Each structure stands twice: as C-alpha cells, then as structure tokens.
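Could you put together the complete structure from these sequences and hints?
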Amino acid sequence: MPKDIAASVSIDAGKEGAAGDAAERTLRPTIRPTLAGLGFLAMVLAGIIMAVNFSSNVIFAMTFLLLGVFVIGGWQTWQNATGLAAAAWRVDPTFAGEAACFRLTVREAGGRRHEDIGVACEFGSHSERHRIQAEDSVSIELRRPTSQRGWMPSVPATFDSAYPLGLFAVRMAIPAMPRCLVYPAPAHGGGLPMHTAAAQAQRQFEAETFDTLRRYVPGDRPGRIAWKALARTDELLTKTFDGAERRPEIWLRWVDTPQSDTEERLSQLAAWVLEAERRGVRYGLRLPGTDIDPGCGGWHRDRCLTALALFSVDAAPADPT
Amino acid sequence: MKIARLQKSPLVTSVARRWVFATLLVAALPALLHVQWWVAVFVLIVVAWGMAAPRSRTIGRLSHLVTYGFLVALVAGVYFTYDAWFSGGAMLSFFIGVLFLKWLESNTRRDHLLLIFGACILAALGALYWNTIAGATHMLLVVTALTVSLRAIHTGLSEGPWFVSLRQGAILTALALPVMGVLFVTFPRISGPVWDVGLAFGLPVKLMLDRKDNGLGFGMSLKTGQMTRLKQENQTVLVAEFDGVVPYKSELYWRGPVFWDFDGSRWSLPKNWDKRGTLLRRALRGKKAVESSLRRKEKPVTYTVRLLPHGHRWLYALDVPAATAPESFVSGDYQLLSIRKVRQEWRYGMTSYLTYGAGQTLPDEDRQRALAFPETGNARLRHLGRTLRQEFGDDDAVLLEIARRYRSEGFSYQEGVPPPAGADGYDAFYFENRNGGVQVIAGSFVMLARAAGIPARLVAGFRGGSIVALTDFLIVKQSHAHAWAEVWSEDNGWVRVDPLDYVRPVKDLPKEARRLAVQRPSEPKKAPGAATQRAKAAAKEQTVRATNLRGKDDGTRDAEPGRSWISGLSDGITKWTIRYDPARQVELLTGVGVSAIDWLGLLAVGATGLFLLFLLYAGAVWVRRWRRHSDPVARAYAAFDKKMTGLGLPRGAAECPDMYRRRVGRERPDLAEWVEDIVGRYIDIRYGPAPAPGQISAFRKQVKRFAAMA
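Chains as they are written, first to last, in numbering that gives the first Met the number 0: chain A, 0 to 320; chain B, 0 to 709.
Honestly, the hints are just simulated from the structure, not real lab data. Please read all numbers here as calculations on a predicted model, not as lab measurements. Possibly wrong hints are sitting among the right ones.
Said to hold, decoys possible - With beta-carbon atoms standing in for the labels, derived distance ranges:
id	chain 1	residue 1	chain 2	residue 2	range
1	B	Trp-621	A	Glu-114	37 to 45 Å
2	A	Thr-104	B	Glu-654	36 to 44 Å
3	B	Trp-598	A	Arg-130	53 to 61 Å
4	B	Arg-662	A	Thr-104	44 to 52 Å
5	A	Gly-297	B	Trp-621	46 to 54 Å
6	A	Glu-134	B	Glu-675	48 to 56 Å
7	B	Arg-662	A	Arg-130	46 to 54 Å
8	A	Arg-130	B	Leu-10	18 to 26 Å
As the list claims (entries may be wrong) - Counterexamples of contact, computed for chain B against chain A with all Cβ distances above 10 Å:
id	residue
9	Leu-145
10	Lys-274
11	Val-300
12	Ala-378
13	Arg-433
14	Asp-597
15	Val-604
Ideal Cβ positions, reconstructed from N, Cα and C, are used throughout, including at glycine.
The following block contains the structure:
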C-alpha cells in the first residue's frame, strides 16, 4: 500500500523539528538604530550646531554626553542580546481553528541576564517580553492561529530587543518556525457509524476460539493457564483466545459521511476518529484512494488524522466509491 | 542602512510619565529663571491642571478646550510682555509653554520621546545663560534624567523603586562620561556663529541677507562716539584667508581712513580728499614705490581678502600694505584705496608688513598738519604736552612717559561710556573720568603727542577679527572697529602706537609675547637715560598688574600662592571646561605631542581615543565575566598546583587530593605540614558542609603564603 507508507512518512514530518534537537546554535545579532534613535541623533546634531553657534562649552559637553549615552546604550543593547543559543522549534499538529503552539528552548550561555527579549515573526509580533536569567533555559511559547487543514507553511522568525534605551534595536535570526500539520476541525455530534454489517471489519475468527499458547506473564488469569501443557512441558503457558483482547472493529468510510462537502466530510471523519479512539474501538479509515487498516492507539490516530489533513480530491480516483 | 521600526506608538506607563515630567522640569529650570516671571506661573498652572484633571473620557474632550485656552493665554502673554515675536526671550517663553502643554496631552511613547528631546534642547538653551560649572552640573542632571526617562519609556520601569532606576540611569550616564571627555577634547572646534563659518567657506549667506553699509559706516569725518556705535554692530566687513598661519589677532590692524585734521570735536579728512586726482597725485603706484618708501618692514604676511560692499573707496589692508591690488593704489597715508567705490563684493590678494616704519621724509606742510590742534579747547592737555616736552626732552622719552601715564594713572577702557563732548572733551576724559572708548583714548593720545610737539595722526579701521578655528580664515566684523595713532619718528618714519594697549593689555598672545607686546611701543630706540629706566620699571610692574587684572576680567585667574588649592582646582576646571576653546584645544594637543593639528589630525586623535576607550570597556566586561565564572577556590588550587609542579611534585592526573597529600607526605616530609594544611582546607571546602564565610578567603591566603615561600 504505497499511500499508507506516504501517510506514515508524513506523520514524522508533522513533528518536524523534533529531529533537530542537536543542532543548537548561538544566535548572531545584528544591530540598527530605531526611529527613536535617529530622532535622538537629530537632536544631537541640533545640539552640535547650537554649541558651535553660541560657542558654548556646556552645550558641547551636553551634546557629547548625549552622544556617549547613545553609543553606550547601543553597546548595552548589543551586550544584552549576545550569548543566547537556541535549538529548533517544536510544534505538535493541531486541529484547524485552534492555535498551533510553537515552543522554542533558549539557553543562556553568556553568563548574563538578558532582558526584554521578544519574538517577532510574520504573523505578528508576540507582545510578551522575556527575561532570561544567566545560565538558564527558557521555553518560549508562541501560539499561531490556524484556519485551514493541511500544511501551514514555515515562516522565518527573529528575536528582537531594544533594551535598555530603545535607541537601537537588535535582531537575531532564530530557527525558522517549521511547517505545521493542521488536522481538519472535528465536526460536532454524530455517533460512530456502526450500523451496516458490511461496513464492519470482519473478525478473523469466532470469538473465544482457542488461538495459541504463549508464555505465562504474571497477572494472567489462572483460568487461562494451560495446565495440561504444564504437565507436558514443565512450563507455564497461557492460552490465548481470538477476540478476547480484540475490541470491536469498525471502518470509518468516506461514503458513510452524511455531508456532501469535502471539508465537512473530512471534519466528520476526524470527529469519528477521535470518538473511536476515545471509546477504544479499533477502526480503519477508508478514503477515496487511501485505506488504512484498522488499529488503535495514538500513532494510529495520528496516521488517520494526517491522511485526513492531507486528503486531496484531485489525488483521489474519479469515483469516490 | 535599513531602519528597525518601533511598533505603533504604544502608551507609556505612569512611571515613565513621571520620569519624563521630572526631566522636563529639571531641564526647564534655568530657562525659566531667564524669561518673564509669568511663564513660571503659567507652567505651574498647566502642571497643576495636568495633575488634577481626571483622565476620563468626558473630561478628555473638555481638556482639549482647556489646552487651547492655555495656548491662547501663552500667545497673549508673549505678545504683551515682549517687544518682538522673534526676540530670544519671546521664543524661549513660547517654547517652554508649548513643551508643557504638549506634556499635558501626551500619552504615547512617541510623544514622550519628543518631549524629552525637546527638554534637552530647552536645557541647552538654558545653558546659554548659565555657562559655568554649575551649568555643567545641571547638564549632567538633565542627561541622567533623560537616560532614566528613555529607559522608562522603553521598558516601563514598572518594577523596582525609583532610586534603583535612577542608579541604573546614572551608571549609564557615567559610562558615557569618558566618551564625552574624548569627544570634548578632540572634536574640531569651530568658533563663532554658524553663518560665519559658512561665510568663511564661501557660502553667500550674509551677502544675500543684507546689503547694508558694511564698512566703517562713516565717510569724511569721525565724530565723537561714532566708533562706539559702530562697535555695537555685528555686520561682517571682510573675510581674510591667510597663507599659512594667522598672526596673533592683536597684530592685525586693518587700515582705514587716516585723519590729520582735528577741530576740537571731530577728526576729518580734507574736503577734496575723495577726488581721484588729489588722491592719485600723492599715491604710491606699484609695489616698488611702496616698498621703497618703507624704512622698516618686518613680519610680512600674505592673504586674500573678500571685502563686502560698503560704498566707499577703501579696501582694507593690514597695516601696512606693501603692494597694490588690481584697480587699486596705495595712498600717501598707506591706505589701500580702490579707484572706484566698492559697491559689490571685492576680492584681492595682498601682502603687508605687520611691523613697519613708513615714509622717508615728512614735508613741512605735513608736519604742520600733524602738529596742529585747536588753540581753544583742551587747555590742560595742551599744557601737559608742553610740560612733558620740557621735562623729558627727546621724543622717545616723551612718548614713554605718555605711555606710562596711560598705563598707571587709572585709565580704563570701556566702550559705551558717554564720551565727554565739547571743546574740552579730551581734558574731561584725561583728567577727570579716565574711562572711555577706543576713540577717545586714541584721540586724546594724538592730541597729547601733538601738544608735546610730536607729529601724530589718528588712524581708523579694524583690529583683529574672529578666527575660524583650525582654518586660516579670519572674519572681521564691525565690532572689531578700532582707532589708533601713528607718530612720526625721525629714525623710522610713521610708527604705529596703539594707546589702547597701554590702557588694556592685549589678551590673545602667549604670556611672553604678551609682555613684549605691552612693552614694545615703549621700547627705547635709543636709551635716553634715567627717565626711560623709570618708565621701564613702571611698565614692567604694570604689566604684571595688568595681567592679573585681565585674568580677573576673564574669570581665568591663575592660581596665586596663598589661595586654597580647592579654588585653584575649580579655576583649573573652569579654564579647561567652560573656557575651553580652539586655542586651548591646540595648546592641549601640542602639549601631548600632536604636531599637526588640523581637522584630520583631530579626528584621528578622537577616533583613536574612542577606540582605546572601547577596548578598555570590552576588557572590563571580559574581566568581570571571567571573575564571575571562575571559582576562586579552583583558581587558588590551580596556583597551588603550579607551585608544587615547580617544586618537582606535579599532581598526577588521576590523583585525588587525599592521595596526593599522602604521597607528598611520604616523598617530601619537609613540605608535609603545608600540603596537609592546604589540601585539608581544600577538601573541607569542596567535600565538607557548606563552607563558612571566612573559610575560602583563609584558604586563598594560605595558598598565597605558600606560593610566596621560596
């Protein structure tokens, strides 16, 4: 099943960034005067002209002191920004309409406290400012609203700080915020489609049919112990029965969704996946062009949701049934 | 360079608002003391309203109206209390008022930035009236407040008490002080109004601005008090560019009309003086004629003059011109004259001798004119002249005595004292008030010389000029107008004597040169006996006194013995800060061995200074970080290791302190006690319970003692 493999690859991609942990890098700042800084310089220039004009040493001194404050302020801005290191962002897939939560761990390596560090990226700057203590690590969280299923593209992000005077601003390129997988928003209501026998996953064997023996594990019910086998082999074995541990199995099918719109159908399927997972039912997913065999558990759920998130009508065969 | 953008101007915190207000108040204080009293009252009312008015929305609308009301009141106040809209006081009052009104309605970050920038400009304007150490201290306060305000505006400063914020701001300002020092010393100083500088470099600023009379402002005669009025003007007369170094300003006499005829109240030129024919008949045409008529010529200077139009004939040249320029000639009185009246900007190159004796012979007709004075007025002065002649005999001795009298008999120079009028004007000046302007001083001198039988004449013109720092440009203004005398000496011809130098010694020469300058006019050409000796001694004593007096005028008293070192120090500070000027800059930098002082050199020195400063800062930061990061115990233990290695007992890489201690105990029993102690302490600190306060320092001390041991 090539489609299946593609989906499982996508799951790893959905947790992008997790692999980049080792690649922590020191942030290199660039510094520029702000608009306020330019205003300040204009004032200094006016001061110099005044001082020359009136040959006033007090004004000269004042002007140069202001220039000194400007330079030292800029230097402090620079000092405040250097010595930070950051690894890659982490983000988990999210459902459309919820905010994707990006997390970045910033480590202080310069032995200094850093004030007033903010994150800025394309979708608006983050109003919260961070203080990072010396030799400390801080997890910076950024929530990015989502609206549409599928891949949310990666955006570059920067740190910025104009501490302490706001005359200079420092920018540091931090790792770009990775692309993030957005699942379809689950629809409300609608029970699981358990109705048609044809839709049910077939059990392989009758319930309670003896299947096989396996090595005894403490905690197995004594009634299941194969005493006869013990007599024969001196080994504690446990009888397993097909269906005993299997939960009911269902197929979640595209064709079973009551809606007609593609997005609404996907939302319905997403809701079913979540519901099935919650109830502990084994479920498979059958989309036009993609089948995922029944299973359960987080990994299986993510696989199904990923398939839903990346579902494209064009890629599906012409006849969805 | 791309500009980092601040986000939309957010509101400031109340803490920031308070700091900005404090900055504004501190900055406005000196300016407030110098404008009409009602401005302070106005500010008080505005501030009271700002504090009292609740910031609710309904009041918000009303407060706009109130602000407009305040503005109208401010304009009305300025209108009714100041003569002119654009007078300094009116503008300052308006600026203060507007700043505080702006404070009233400001709440965004951008507004507050503008406010503190405005406050800085206001403080600078205030410093104009307060150019002292106190003013400088105030400036420091303003900048500190500004720094705190900037921090407050940017970060909000909502945490921590106010004095912590203040301390942080003060630290930043203190770190900026060395930068200020370097820039203050090395920034190329340009003196004088900005438009003068522009003028010097050929910008036609002034020429466009006014076409008023720019010359001496008088034509054929010099009436009583005319010079004083002229000296109050500030129009530029000419700009001179010197080849090479500009001579001392006190040596620069720009020669204008030469007056022979005195009628008791005014000096005038002959009636037909202005006629070209008359002038040309006596003129010295060409360089050769001029040179050959000079008996003494020293200190040649070459320069180019840009003369602004003034509607008269004279082209000013330095005393005494040695050549002619195109379309000009040198008159018999050594004035450089144009063949037509100067009605547009005139540019000419010129060479002059600053020290001269001019004229080979003095025809009898001229001698008569140079000795004439009205026989009616100034009886006492005439009598004094005769007496001096009888007492001292020879011309030089008489001149010395006259000089001595000007110097030591309580004359003082003050422009603007109403000059005594009438036929006895010089008597009134010389014997009674002894206080007058340059015109009456020079005039009375000529009168007295004539009375004593020495041919003398009065020369009007300009003396000195403003040097545009670090260039060879000199700007001469009407305020430099001057009058001096020339006396005929049989040996040297016409020689310049400036009586003002007797009354008020010159300022801008270095000390030795200054002494010479004071003595030079009185230096005997031939030693004429006891009278000269006496005069010389008096002159010397007088020079010393006058130097001190001059010092007091300037506020640059040299420290005298017996004065406390504190006042000496404060004088020194004043001298090198408040009175730091282009000359001092050059003096200072030559003092530290910078030979070529020009713009480039200064900038290079400044850049080097700043670079060294930043190396220092970076070093300090590095050391601090290293200290914080390295553990004192580890450092001490490393020193101990080094010492032991030196003693031939290196600690093995795998040896723990205890093993090492035991090994040393076996191998070097003589060191055992020391090693036992040091390593024991180390183990206690490292592996025992949290070390007691003195334990670490005791350990370090012990290591030090051990390391110091041979």
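Between the beta carbons of B/Arg-662 and A/Thr-104, is the distance compatible with 44 to 52 Å? The hint (44 to 52 Å, Cβ to Cβ) holds, given that B/Arg-662 and A/Thr-104 are roughly 46 Å apart.
Would the non-interface assignment of B/Leu-145 survive a Cβ cutoff of 10 Å against chain A? B/Leu-145 is in fact no farther than 10 Å from some Cβ atom of chain A, at 7 Å.
Closest CB-CB distance from B/Val-604 to chain A, is it above 10 Å? holds (15 Å)
Looking at B/Lys-274 again, its CB stays over 10 Å from all of chain A? holds (45 Å)
Cβ separation of A/Gly-297 and B/Trp-621, checked against the hinted range 46 to 54 Å: Given a distance of about 51 Å, which is inside 46 to 54 Å, the answer is holds.
CB-CB spacing for B/Glu-654 and A/Thr-104 relative to the 36 to 44 Å hint: Holds, since A/Thr-104 and B/Glu-654 (Cβ atoms, about 39 Å apart) stay within the stated range.
The hint says 48 to 56 Å between A/Glu-134 and B/Glu-675; measuring C-beta to C-beta, is that right? violated (36 Å)
Between B/Arg-662 and A/Arg-130, does the beta-carbon spacing fit 46 to 54 Å? Given about 50 Å between the Cβ atoms, the range holds.
Verdict for B/Trp-598, A/Arg-130 (Cβ pair) under range 53 to 61 Å: violated (46 Å)
Beyond 10 Å from chain A, beta-carbon-wise, is B/Val-300? holds (26 Å)
Reported absence of B/Arg-433 from the contact zone with chain A (all CB gaps over 10 Å): With a cut-off of 10 Å, B/Arg-433 remains clear of chain A, as the shortest Cβ separation is near 32 Å.
Beyond 10 Å on every Cβ pair: is that true for B/Asp-597 relative to chain A? holds (17 Å)
Comparing the model with each numbered hint stated earlier shows that hints 1, 3, 6 and 9 do not hold.
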